[in-house]
Amino acid sequence: MSYSLVNLLPLSFKLVFSHVFYIALTIAIALTFWIIFNLFEQLIFFWPVWVFYLPEDALLGFVVTNITAILLGILISLNIYVIRNSRLKITKSSLFSGTGLGILSSTCVSCSSIGFLLISTFGGLGIVISNFLSTYQLPLRLVSICILLFALYSVHKKIRDLCYRLS
Amino acid sequence: MLTSLPKIEDNLLNAVRLLCAIIFFYLIIILSYSYIPLPLILDIDMNNIRLLEYAGAIERQEVIDVRENSSLSLTNLIHQGSPYLGDPSTAPITIIDFSDFQCYLCARYVKATEPLIRDTYIETGKVVLVFKHLPNRGFDSLGASIAAQCANEQGKFWEFHNMLYENQKPIDSGWVNQENLKKFAAKINGLDIKKFNECLDNQKYKDFVEKDIDLGSSFGFQDTPSFVIVNSKDGSNPEVLKGAYPFPSFKAIIDKKLSEVQNSN
Chain A
1 MSYSLVNLLP LSFKLVFSHV FYIALTIAIA LTFWIIFNLF EQLIFFWPVW
51 VFYLPEDALL GFVVTNITAI LLGILISLNI YVIRNSRLKI TKSSLFSGTG
101 LGILSSTCVS CSSIGFLLIS TFGGLGIVIS NFLSTYQLPL RLVSICILLF
151 ALYSVHKKIR DLCYRLS
Chain B
1001 MLTSLPKIED NLLNAVRLLC AIIFFYLIII LSYSYIPLPL ILDIDMNNIR
1051 LLEYAGAIER QEVIDVRENS SLSLTNLIHQ GSPYLGDPST APITIIDFSD
1101 FQCYLCARYV KATEPLIRDT YIETGKVVLV FKHLPNRGFD SLGASIAAQC
1151 ANEQGKFWEF HNMLYENQKP IDSGWVNQEN LKKFAAKING LDIKKFNECL
1201 DNQKYKDFVE KDIDLGSSFG FQDTPSFVIV NSKDGSNPEV LKGAYPFPSF
1251 KAIIDKKLSE VQNSN
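As you go down the protein sequences, you meet chains A and B in turn. Numbered per my numbering, the first sequence spans residues 1 to 167. Numbered per my numbering, the second sequence spans residues 1001 to 1265.
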């Protein structure tokens, strides 16, 4: 008796990703966010030449942002499935907060214009905020992953409940 | 037990909603950046008035195009007392590096890119690297810049520069307070520590660093590191790189400028 890896996936994944459209959507969304995160991290450059490089100090952050981008791709695809197949409103709060936190924690806040904006708007408090966001970049990214996993669980539950209701 | 589980989920959702609201507020501020007048709200101390004035200057658009600035010739930069690396008598191209010792992207550039630029272009006499201070990331950044100039006074700038970036810690964690700056200096061979400490205590190079900040401000530089690559002779034909660009990006620009200089000769 062969035991497929597919059997290990949750019901919602099997249902949604049996359609090629959602697989393509997931890849496209994950890739988009991957580019955005790495642009903010200054690992990808499009001028004067196209370059991607991975210095030692960026390795751990790169792994974490990869996980975040993949989770976002999966999550948004699942949410689109729910929107298309049900009239229920989904709670987007955890999706957006995970996304926003993921983007926020990808920037070197202190080194970029965002830190400058904080400083110029809030003065000394802005310095403290930008330093906090820079110093705790990795924990913030891990928090964003937790938020996204929670959002993933929520939407999985919705799809499962939708299936039970329809069956 | 079963009835308590939905309550836990509700509380979590509320917490997530609150976090979402905070992030949304933050994003609104970023998106409306161009439209918000930027008051100078808090002056923490004299060191940070500079920081806030700089931010105000950016908003009031008191910046000039880097092309209009004629003070970027290598002779001028050396005459000003800026630390430099390379042979100014032969190098046709100058890279001006505006950095902050507390900026981690500057540290990334120093560790990953600068050695390649040094081996490929500086040691072959094609490029001179000039350092300009842009201490705008933390409360202790100005002190670190002043200390680095004190080391430059004794010809030990690059040793001090490398030591700070190798030992970089989180911004304003105290790693570059006065005491630690003196400890770093004490580790450098050949540095007169008494002279260095006196220079640092008197803040001898504060005006010098502030002039560098003014220059960066005049170009509208907010990011660190930021680079201006110019012809050494007259500071003309500037190319600007804002960020910790990797070596291939510098190579593309430097090779282009070298061929332009060669063609014009």
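Treat the hints as calculated values from the structure; they're not laboratory data. By construction, the Cβ of each residue, glycine as well, lies at the ideal position given by its N, Cα and C atoms. Check each hint, because a few of them may be wrong.
Okay, the calculated bits of chain A under chain B, using three or more residues with CB under 8 Å as the criterion [claimed, not checked]:
hint : stretch
1    : 53-65
2    : 71-85
Quick list of simulated restraints, FRET-style, between CB atoms [said to hold, decoys possible]:
hint : chain 1 : residue 1 : chain 2 : residue 2 : range
3    : B       : 1078      : A       : 28        : 32 to 40 Å
4    : A       : 49        : B       : 1119      : 18 to 26 Å
5    : A       : 27        : B       : 1166      : 38 to 46 Å
6    : B       : 1255      : A       : 84        : 24 to 32 Å
7    : A       : 153       : B       : 1259      : 22 to 30 Å
8    : A       : 39        : B       : 1080      : 50 to 58 Å
9    : A       : 39        : B       : 1071      : 28 to 36 Å
Each hint, compared with the structure:
no. : hint                         : result
1   : 53-65                        : holds (count 5)
2   : 71-85                        : violated (count 0)
3   : 1078/B <-> 28/A: 32 to 40 Å  : 52 Å, violated
4   : 49/A <-> 1119/B: 18 to 26 Å  : 19 Å, holds
5   : 27/A <-> 1166/B: 38 to 46 Å  : 40 Å, holds
6   : 1255/B <-> 84/A: 24 to 32 Å  : 52 Å, violated
7   : 153/A <-> 1259/B: 22 to 30 Å : 58 Å, violated
8   : 39/A <-> 1080/B: 50 to 58 Å  : 35 Å, violated
9   : 39/A <-> 1071/B: 28 to 36 Å  : 33 Å, holds
Checked against the numbered hints above, the structure violates hints 2, 3, 6, 7 and 8; every other hint is satisfied.
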